[in-house]
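Novice: Please model the complete structure; the sequences and the hints are all you need to start from.
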Amino acid sequence: MQLNKHRNIASALAMASCSLVGQQAQAVTPDSTLDDWKIDAALMYYGEQDRVQAIEAIGNVQKSFGDTSLLDMKLVVDSLTGASASGAVAQNSSQTFTRPSGNGEYTIAAGDTPLDDTFHDTRVQASANWSETLTPQWKVNGGLYGSKEFDYMSMGLNGGVERSFNKDNTTLSLSGSYTYDVVDPVGGRPVAFSAMALRKDYDTEAQFKAAFDQTRLDGSDDKSTADIMLSVTQVLSRRWLFQANYGLSSVSGYMNDPYKILSQVDDTGTSQNYLYESRPDTRLKHSFYMMTKGALDSGVVDLSYRYSTDDWDIQSHTLETHYRYYFSGNFYGQVHLRYYQQQGADFYRPFLVAGEPLPEYASADYRIGDMNAYTLGIKFGQRLAGGHEMSYRLEYYQQNPENNGTQLFGQLQNYDLFPQVKAIVAQFSYSF
Amino acid sequence: MNKSVIAIAIIASLSACSSLGVQPWEKDQLARADMALDAEKLDLALDDHIYFSKEGTSGGRAFAGGGCGCN
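Those protein sequence lines, which keep their order, are chains Y and R.
All the letters of the first sequence, read from the start, carry residue numbers 1 to 432 under the working numbering.
All the letters of the second sequence, read from the start, carry residue numbers 1 to 71 under the working numbering.
Hints listed in this document are in silico derivations from the structure and should not be mistaken for laboratory results.
Mixed in with the good hints, there may be bad ones.
What the hints assert, rightly or not - Capping the alpha-carbon separation at 20 Å, the derived lysine to any residue pairs in SDA-like fashion look like this:
1. R:41 to Y:39
2. Y:379 to R:39
3. R:41 to Y:60
4. Y:379 to R:44
5. R:27 to Y:163
6. Y:167 to R:25
7. R:41 to Y:40
Said to hold, decoys possible - Covered by chain Y, per the in silico footprint, the following chain R stretches (three or more residues, Cβ under 8 Å):
8. 24-36
9. 47-53
Ideal Cβ placement from N, Cα and C applies to all residues, glycine included.
Specialist: Encoded structure:
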């Protein structure tokens, strides 16, 4: 009791002294300059209503060597479970699907959106970056990246150069990265547009297995991603800065989602087959990003806009803002708002119609369909003794998929083929 | 059309750079830790991972990247 009382008095005194010193006090951060190690750690929970749940732990270590060199290392471990939309449409009778491995099946009740509940994975990711200030004007950086999950492996490297002009008020940077991914799906890679083999259609397990194997390709496949980014950061005034980025990303290789299917329906909207999806094997993306950030007397605010377009015809607009307010020198609250709007890929199809010729590519994955999404978040942070900081974040994320203009007929009109996805994000972070 | 408008806006902002800015001794507010572009590095990394997994586009602030089979 006594101790607590003292602590309360101490913190009250600390707060009082901060308010005496004035608003400048919040700018004082007794951290990295005094100590050349900086560690940030966070634990995040992401949970969708009735769908995917994820726990992600992240640790970042920064070590400076003199005034010119900085090493940044990051380790991420995440674990996913739960169900995700398979791409098949809801029906007025129950539907049975073969699991991706071919071992076992699962049944979805009449009227429900088909979710594949086999989804579970653990992922480990590590990266290291080195940054070196060569002269007051020139800075270079380079890094390595690797991640591994059960059916996916990724390795990458990146590098960049930065030049400042105009008394350090303008910074131009050019950076690039290359990532090589290997995909090795559970049960093998599905043959594009092959029909899912279903146990009920075969007399024996051997016949079913033979039919299932016909829908699969042996071995793994790969994907390469090359990114280039050009960035300019400009100091606008004593309190405001502006950043503009242009990013070009070229992806080639295996881009199908091996666990997604499309329903092939007859003219009454009744599913006849489930076909594995087929996506192009190249994609070229452009993004334009602009952000302005301001130092306020009692906080900090940023506002950003991103426009993205690609040769799959996916276009998106993203508006995002964070506003932080310091209740005292050691305690702040922050609001986060984000709005995202996406026009889907030209090959996005909510379903296929039996008897019509197959398109060259098709996917019913709602994530590349038309949609909008928003995020509402709050965060509270507290500065502790010795430069430590603790923060809590709670966010709500909602996706609203939309029909891309496809005409619904028969029983398809009775169901919500574009259901909303609602998720909660909770996070605890600690820095020291 | 949209692309060219944005390109012109970026070029215009670049050409205006030389006349903008403050003196080195006027950078006190900009030097605040919470004004760093990566001030909330872990939040940004976690957000990027969520949106990369759940939406059709990624990148912009940083590389669009590979490294995940989710989109």
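Novice: Each hint should be assessed against the structure and marked as holding or not.
Specialist: A quick look at each hint next to the structure:
In summary, the hint linking residue 41 of chain R to residue 39 of chain Y is supported, as the alpha carbons are separated by about 11 Å, within the 20 Å threshold. Distance hint between residue 379 of chain Y and residue 39 of chain R is fulfilled; the C-alpha atoms sit about 14 Å from each other, no more than 20 Å. Pair hint residue 41 of chain R plus residue 60 of chain Y holds up; C-alpha atoms about 9 Å apart against a cutoff of 20 Å. Our distance criterion of 20 Å between C-alpha atoms is met by residue 379 of chain Y and residue 44 of chain R, whose separation comes to about 13 Å.
With a C-alpha separation of about 19 Å, the suggested pair residue 27 of chain R and residue 163 of chain Y falls inside the 20 Å cut-off, and the hint holds. For the hint pairing residue 167 of chain Y with residue 25 of chain R, the CA-to-CA distance comes to about 11 Å; that is within 20 Å, so the pair holds. Taking the CA atoms of residue 41 of chain R and residue 40 of chain Y, the gap is near 9 Å; set against the 20 Å cutoff, the hint holds. Counting residues of the stretch 24-36 of chain R whose C-beta lies closer than 8 Å to any C-beta of chain Y gives 11; at least three are required, and the coverage claim holds.
Taking a C-beta to C-beta cut-off of 8 Å, the stretch 47-53 of chain R contributes 3 residues in contact with chain Y, enough for the three needed, and the coverage statement holds.
Of the numbered hints given earlier, the model fails none.
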